[in-house]
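Novice: Numbered according to the working numbering, the sequence shown spans residues 1 to 158.
If you are wondering where the hints come from, they were derived from the structure by calculation, not from laboratory data.
C-beta atoms are modelled at their ideal positions from N, C-alpha and C, and glycine is treated no differently.
Incorrect hints may have been included.
[Stated by the list, open to error] Per label pair, the in silico range of CB-to-CB distance:
id, residue 1, residue 2, range
1, T28, D139, 17 to 25 Å
2, A143, M1, 31 to 39 Å
3, T28, A81, 22 to 30 Å
4, A57, T102, 39 to 47 Å
5, A32, L106, 32 to 40 Å
6, E109, S77, 16 to 24 Å
7, P53, T102, 13 to 21 Å
8, W45, P76, 32 to 40 Å
9, G101, A57, 35 to 43 Å
10, A132, A81, 37 to 45 Å
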Amino acid sequence: MRVLMVCLGNICRSPMAEGWLRSRIARTPALAGRIEVDSAGLGDWHVGGPPDPRAIATAAAHGIDISGQRARQVQPSDFRADSLILCADASVLQQVQRRCGTAAALGIERMLVWAGLPPPFDLADPYQGGPADFQAVWDRIDAAGERMIGRLQRELGA
1 MRVLMVCLGN ICRSPMAEGW LRSRIARTPA LAGRIEVDSA GLGDWHVGGP PDPRAIATAA
61 AHGIDISGQR ARQVQPSDFR ADSLILCADA SVLQQVQRRC GTAAALGIER MLVWAGLPPP
121 FDLADPYQGG PADFQAVWDR IDAAGERMIG RLQRELGA
């Protein structure tokens with residue numbers, strides 16, 4: 001199974017979500033080695049570049065190194081049948097659904113909805129903000145991530 005996290009430019013929200021989920025899956029024996037985690041963005045503005053320094057610092061403050069990630073744009077190959085695509089917000093979700101067309105992805109949903117968190121369902125974009133905004137996004141990812149791990153275990157019968 002493959003889980004793809006998607007945001008606008010693949011330098012803030014989706015790299016932090018990828019780092020959190022990848023780290024947690026690696027520490028969950030029932031899931032380790034069974035799920036590939038990746039991230040991408042809608043736009044090509046940052047392709048090949050690292051995550052935003054504030055995203056790197058926020059993840060590092062929680063013991064997760066995302067500095068080696070490189071931004072990439074969503075590709076048609078991302079819509080494989082074994083892919084679960086989790087989007088940062090409603091706008092990103094709509095764009096991904098348009099690009100998916102008739103592809104047979106396992107599911108395309110807003111990350112916070114799929115995780116079963118209460119509203120708000122959009123993961124706010126911290127790009128124009130400061131460290132507190134990145135921390136607020138991390139906190140939502142952390143809350144969603146714990147629920148996502150549980151759901152992944154149930155869905156994979158782990």
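Novice: All hints, please: hold or fail.
Specialist: A quick look at each hint next to the structure:
1. T28 to D139: 17 to 25 Å: Since the Cβ atoms of T28 and D139 sit about 21 Å apart, the hinted range of 17 to 25 Å holds.
2. A143 to M1: 31 to 39 Å: For M1 against A143, whose Cβ atoms are near 22 Å apart, the range 31 to 39 Å is violated.
3. T28 to A81: 22 to 30 Å: Once the Cβ atoms are compared, 24 Å apart, the range 22 to 30 Å for A81 and T28 holds.
4. A57 to T102: 39 to 47 Å: Holds - the Cβ-Cβ distance for A57 and T102, about 41 Å, lies within 39 to 47 Å.
5. A32 to L106: 32 to 40 Å: Taking Cβ atoms as reference, A32 and L106 lie about 20 Å apart, which means the hint is violated.
6. E109 to S77: 16 to 24 Å: holds, 19 Å
7. P53 to T102: 13 to 21 Å: Violated, at about 39 Å.
8. W45 to P76: 32 to 40 Å: The hint (32 to 40 Å, Cβ to Cβ) is violated, given that W45 and P76 are roughly 20 Å apart.
9. G101 to A57: 35 to 43 Å: Once the Cβ atoms are compared, 38 Å apart, the range 35 to 43 Å for A57 and G101 holds.
10. A132 to A81: 37 to 45 Å: Taking Cβ atoms as reference, A132 and A81 lie about 40 Å apart, which means the hint holds.
Comparing the model with each earlier hint shows violations of hints 2, 5, 7, 8; every other hint is respected.
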